[in-house]
Amino acid sequence: MRTAFWIAALVLLASALLLTAHLTSNTLEFSRYNTGWNGTSVFFSGLDRHRVTSVLSPADLAPYRNNTLLLIIAPERLPTVQETAAYRSFLERGNIILLADDFGTGNAILRGIGSRIVILPGNLSSIDRAYNDPYAVVAYPVANISPVRQVSAILLNRPAPLEGGEPLVTSSIMSWIDTNGNKRIDRDEMMGRFAVMAHEKSGSGEIIVLSDPSIFINSMQSLDATWDNRKLTDDLVNRADPVLIDQMNSRTTGTEGMSTILHVMKTTLSIEIIFIVVLLVIAAVAWKRKLV
Amino acid sequence: MRSDAKYALIAALSLGVLLALGLFLSSPLLYTLEKDTFPSRFHDNTNVLKMQSLNSTTDVLPLMQDLLDSTGPVVLSIRINDIEQARRDLELFAKSRGSLNNLIVKLDMSASEMEEFSKSKALQQQLLTELLNSSVSLDSLENLEIRYRDQNNPDMLMSVQYEGDALRKKVQELYNQYQVETGKVTAISTKFGLDVTEEEKGLLEFGSYVQEIDRNRNQQDALNRAIDFPIRRSSQLSLLLNPESGVYGDRIECFGYYFSLYGYRIEGVPGKEVTVFLDNAPVSSTVTDELGSYRVTIPIERIPAGPHSLYAQSGTTLSDIQTLKIQPVGSATTLVVTRPNSNGDVTCTGSVTANRPVRLAPVQLVRDTTHITEVSTDARGQFKTTLRLPEGRHTIVARFSGEGFPITASESTPQVVDVSIRQMIPSVISPDTKWEIPMVIAGTLLLFIGIAWYYIRREPGRGTFDLLTRAEPTPPGTPATDLSASYVEPGADEPRAPSAGTPPPPDESLLARYARILKAEGLSAAAWVVYRQFAGRVANEMFIPKHTALTPRELSRSCIERPFCRAFSSFVSTYERVRYGGQRSVAMQEEFESRIHSTQSELEKRLP
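Respectively, the protein sequence lines represent chains A and B. If you're matching positions, the first sequence starts at 1 in our numbering and goes up one per residue. If you're matching positions, the second sequence starts at 1 in our numbering and goes up one per residue.
This is chain B alone, in the form it adopts within the complex:
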């Protein structure tokens, strides 16, 4: 292939590649994750999604069925007074519920019927736990009642009866709530095609249990009425609530009067210690003043919504049971997430409020619906924590479940955090500046061109495609003038460097130049000029690139199958003897000149 055609091909290909690359200058990356995950309304790229195979029939519904089948046995065990079995069943129930809750969080199904199912099941668990505790307490009270009746101790008997009444009332309320939750659970389960037999059986057992404890109470009352209690002066304790209902954050004033009856006279008793019980648990204590009155304040904080029993006790004296109604209120959870630092750490701050800040509230920080971090609000209802996030795009939500509080659940607006390598590894190029990447590419390209240009131009007299005009390194013994000896390549317009002294005439023939240099610089220099002339012509004719990198003998061997090659070979042989062999006698000069004539003659036949 001809040299110019080769270079044209290289140039065309290079130009094509550069042009094609130019199409991507604005977005130089051909394949990126961002390109592959571009938002589409038709589909998502499954190649970048995380595998998570899930089947409702095998993974979710069996778990729900387990929960459905768990409640009936618990109630039955309570009813037959097998407390240990009931506790074990409740533990299993809690475990299954935990699994379902995890699944709900993992699947981000917090607003679904599954979540409603789980919530109802959680309430059922709570109600059954309270039922179990109440059942144990009722048993104890029944025993005490029998003992005090046997001891003919009306004060203690009355106290125990009060407590028993409160518990029975509570069990009835538990049943009412359980009925509601069972209705919800049954409706959802029926929709999902689950078997609700055990669930319904549990409700029936619960109802039977309530009837049984009422029946027992009536029997006890009949027995108590049969006993003739002696009339005697006794102490009395009153209890009033203000207000009788409230919401989270309200403060309930509990006050009363401790007095004794002396005939028809009533006298307050000072200095008596009075304890106020909420749902049978002591919440506050005080001492009666000089008039026998007392006053305590109960803040509504971590108390579930609904009715609660309150009574006061001083020694063996009990007040009447009062009911405190706590109404649920809505809540709001906020979350602010800072930008990630170089380690991927973000600071999450937020608050939980329900008309007022919610103190010591547990808050779940849920990352990507799968990772949960528990924090708690402080006295001002605020929380703050630091999370370390791996590289990628993350969604963080703060959730307040409201469990144990008279407050409904809430969650914050999802916060999206992008932790990228660009943020984790500081870069000199800002990714936000869209022009910087093309500018960097252009700079690199310019640098490359500059280096290439310098490389090409670093040797004096060398041009981009001027590959055939380089001066031959001077061999030892060559006259100094050879270094700058001028010569003209075939086809070249002008010599690049003049010879020592005056520049050669533009139309000077080879023989004339030979004669001039022979006279001025000797045979060796003149022979070299003639060789360069012939070498250039032969190389051009034979398409030999970079012939100046070849020795005269190599060039001579490269010249084959052309008529002038024989003459050129003889010329090179004589030239070597003159130039390198140091033979510069008159006979050798004559022989060399005859080789010049014969070679020139052959070349001119080929190249007129």
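Only chain A is shown next, with the shape it has when bound in the complex:
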């Protein structure tokens, strides 16, 4: 009887833990809590906490100057006036902003910080691909500068074409913009080479635009060694100067259900303390009543 009870209890406990693990994850696009193919949990779990800092408010950008990199991945809303001012000021202090966006609000940020680079609408498609999908575009570096110096080819997932700036990475000549989204080339869609990563100087700072934030999602981080996606993202964050990740306006902060609770608990110190205290009290009461 005692054995049966403990087996049942263990099974139920394991079920509860599995369900908790499942429920604390989510399926939101780019969410750092999403362990599925379209989340960014792999990228975020690989970050060095001593070197990479999350930016939760515009004021967090103020202390940084000279060559600090700010990553803005998949912005989901229009930037506020304070955010835009903080970005512009950040650039003026000689720092770098890397915006990774295709179909979000990246153009608004670029306009706000005075960039001439524009993310064009339409899915960039190419014959150069890794899967039977023209949106799985292979792109090649065309400049020998950081952060693409060590990269030979990257695989993108539904990138957008870029206009303006100096190209760093482009698609092959056999690429086109699928304006109607039918995944086929049509008579009015001409082949050509399109930039997917470009940069430009902005005062003493630098703006880099990558037209595919999907390079950070889990399925694109775990590609084989043919593609240098991981190398590119690693080179971005493993640098001597500080790296900041924008968590003010990014789909990577997306939460839902229990993952929202977890997110709030992890990011709010007071709630975290209260939670630990409650757990300790429960344990103490149980001990006193000799329940355990």
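These are computed hints drawn from the structure, not numbers from a lab. A quick note: this is a predicted structure, and the numbers were derived from the prediction, not measured. Virtual Cβ for every residue (Gly too), placed ideally from N, Cα, C. Mixed in with the good hints there might be a few duds.
Derived Cβ-Cβ restraints for the label pairs, each shown as a range [what the hints assert, rightly or not]:
#1 Asp195(B) with Arg239(A): 25 to 33 angstroms
#2 Asn540(B) with Ala283(A): 25 to 33 angstroms
#3 Arg111(A) with Ala187(B): 45 to 53 angstroms
#4 Thr57(B) with Ile271(A): 50 to 58 angstroms
Following the hints, position chain B against chain A.
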């Protein structure tokens, strides 16, 4: 851990699991392919995509370069009259073009510059093949011309000259078309960074060849003029076309008059067989009527668009060469695909029309851009075939290339067919009804609860948590009244079953009950009642679950490290002798009663 705490923990965990599962009631599958392939505007799930690594620099552009480099040598071989080499080069050219076409279909690039490149190359191949055939014919005609000139046969010489003129005219037209296609090919290739040197060289060779055959013709004319042909009466054959141009499906009336000159008199010649040639190939024959006239009709079907030479021949008499111009027309291809049956078979029906139905037209049914099935339209321009599709989502397109017809290419709207296991394996649950899955789950849950309830309730007197009140199986020799003997568990409000006869008073003490049962049923039954009372209390005190499943000795051994255990052990020893040893003497009864007192006394010290 206390029993109630254990059950509370189990209940809490079970409730938690059930609540968590309840969150997924509307979509009970935690991980499905559909969930992983949900449409996203940001990206596609590469985990479910088929690997197909392709590099334009290594896979596509070399193929295009091969095609570019193939045409120049073909023209050169024709020009130097190395026909066999030209044929071999053309075969290689066709092979390379086939590879590029397959790639275009595989990549679904039918509307791209690659396709335009391929189409131009296909036209170039066709033009070069015709050039090769014309070159061979011209050589033959030149030989014949020399022979007839030597034989002083003006009729045959004239016939050969006519034919030669038609061929030279055709070669010139071929050159014009080749020039246009080369321009297109060069423009696309330059954009893709390909080397067009050989392509341009081929065009130059072609132009030189045209100039050469014109030069030869002029030389032959000069020779022919030098020959004095005798004037004699000869037959004449006229040919007229109505209309002189048309589109697919039109019918061209070809008619004329066969006559002979007798001085200044012209007479029709009846009964002469006349054959009409289109591009030097016979297309229709007839016989002149009593007036010497003839008439044939040529339908425009599988004849490429463009100018075509037509002439009539009767014996050695040839008509003038007429030009028939065929204009290209657009086409429309339709496709209807039925729902797949249990084997995954679908029926594809459709049609090809170009103002009117296109008869005997080859149609390609392209599945998922990679699998091609060839069918042909019937006399009504319709086609029908059955395809077997594997499980999955498929796109089927019907394509009509228009090759060989004066009709432009067309393709149907893509038809999407979903062949799923649910369709292939008939299921009692319709997947379209979203409430059926939760209802099935609820039904299963209810069934499970029902079975569990039945299992718990199947033994009379047993409740869900009433685990300590089960009656002990009657050992052999036990009085029948023991089966329904009533007893009260410590803490229980009421006895579950009355003893034989009248029910016991609610506040009856243990000793009073012992005395009553002793009097009514004997020592064995009375001892059992006392044992059950003590056993329940000891089990409760020692947290021993299901103590009724233990023998008195096992229960006694389980009772350790408590003050009452020694007394209980002595009691059990005496109880066993009374109950199972059959010792029911007065002395034994007295000893048993003393054990009752001592045990009760010890238990009451612990449990007042």
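Each hint, compared with the structure:
no.	hint	result
1	Asp195(B) with Arg239(A): 25 to 33 angstroms	violated, 42 angstroms
2	Asn540(B) with Ala283(A): 25 to 33 angstroms	holds, 28 angstroms
3	Arg111(A) with Ala187(B): 45 to 53 angstroms	violated, 37 angstroms
4	Thr57(B) with Ile271(A): 50 to 58 angstroms	holds, 55 angstroms
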